[in-house]
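Residues -25 to -1, 1 to 322 (mature numbering (1 follows the signal peptide of the UniProt record, and there is no 0)) are what the sequence shown spells out, left to right.
Since the hints were made in silico from the structure, they are not lab data. Worth double-checking, as some hints may not be accurate.
[Said to hold, decoys possible] Per label pair, the in silico range of CB-to-CB distance:
1. 160 to 89: 20 to 26 Å
2. 248 to 315: 35 to 41 Å
3. 212 to 133: 36 to 42 Å
4. 22 to 50: 25 to 31 Å
5. 102 to 52: 41 to 47 Å
[Claimed, not checked] DSSO-like, lysine-lysine: derived pairs with alpha carbons at most 27 Å apart:
6. 77 to 111
7. 135 to 71
8. 151 to 103
9. 279 to 111
Here the structure is a predicted model, which is why all the values come from computation and not from measurement. Using N, Cα and C, we set each Cβ at its ideal position, and we do this for glycine too.
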Amino acid sequence: MGFSKNSSLALFCILGLALILSSHAQDSRQDYVNAHNAARAQVGVGPVTWDDRVASYAQNYTNQRKGDCNLVHSRGPYGENLAWSSAGLSGTDAVKLWVNEKADYDYNSNTCAAGKVCGHYTQVVWRKSVRIGCAKTGTPVQSRWLANANGGELEALGYKEGYRVDVDVPDSTWAKAASFHDILIFNTGHWWWAPAKFDPVKSPMLFFEKDKPVIPPVQPNVGLDMVLKHMIQYVEKTARPGSIKLFRTQSPRHFEGGDWDQGGSCQRLQPLLPEQVKELFSVQNNGTNVEARLVNQHLYKALKGSDFQILDVTHMSEFRADAHPSTAGGKKHDDCMHWCLPGITDT
């Protein structure tokens, strides 16, 4: 592939995704290079530089690990460091994890303390390394609930399995975010009304509070209100002073003639007119975006009186029935939910 054997690949994988922007992310190429060079300078080793080709190799491999985020080496032509986190992890954070192994490394004997790992640190300061690259990816997490042999309140009510939702426990992918980010953008909604995924009989949402099931079980709309209540309280309690807190509303789908699994399509070549928007998305007519409208109603109600601002993208994007991949989305059905780039999402 034309890469120098003196190149060093650094790759790390993040488990979990959160819509977070931060002025302190330290995810730039130069931040990552500087963190390496600071550690190398401490032991008298020359600096490294960023290499786009090495970074491309890293990105290709980390994309392959997106489904599991397992720390499995690629066995490629480069030295590799991998790191994993259930919360936000910047490039410099990953380097710090590796460099912290220095405390257990003995230079004189070139050995690591018993039971410790030092290979990541030695990779960072490897003398022959001259070029580095970095990539990351994320994997969303779902928590399944299964009845156990000891029974339980839910099993006694006839539930054998479902999706556990802890209404008062922030997900680890963003639990610490509020305390060190200046701008927070949250969104929710699409899956709260998705019977194909959360079948009310076969695989319902089962809500837990204080680690105990909510009995009797509640419907998703009630569970959503409970989640929003606890989430807002948690963020306002842990957020940095002066931070900007935004909650993004739902973007619409534009299936016409049926839903995604009913032959629905989106073949329009021009934005909708106001009267067409009203007709297509009418809740009274059971339009294709009923769930988005319902979720937005819950959001506005829950956020009233809070420090959150509403980032309303729903109405402005309702007009753009022409901005979806449609038949070019690479799926067996028309993709009338995701958006083309560049386009409305850039706006």
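Evaluation of the provided hints:
no. : hint                   : in the structure
1   : 160 to 89: 20 to 26 Å  : violated, 46 Å
2   : 248 to 315: 35 to 41 Å : violated, 20 Å
3   : 212 to 133: 36 to 42 Å : holds, 37 Å
4   : 22 to 50: 25 to 31 Å   : holds, 27 Å
5   : 102 to 52: 41 to 47 Å  : violated, 18 Å
6   : 77 to 111              : holds, 24 Å
7   : 135 to 71              : violated, 44 Å
8   : 151 to 103             : violated, 37 Å
9   : 279 to 111             : violated, 36 Å
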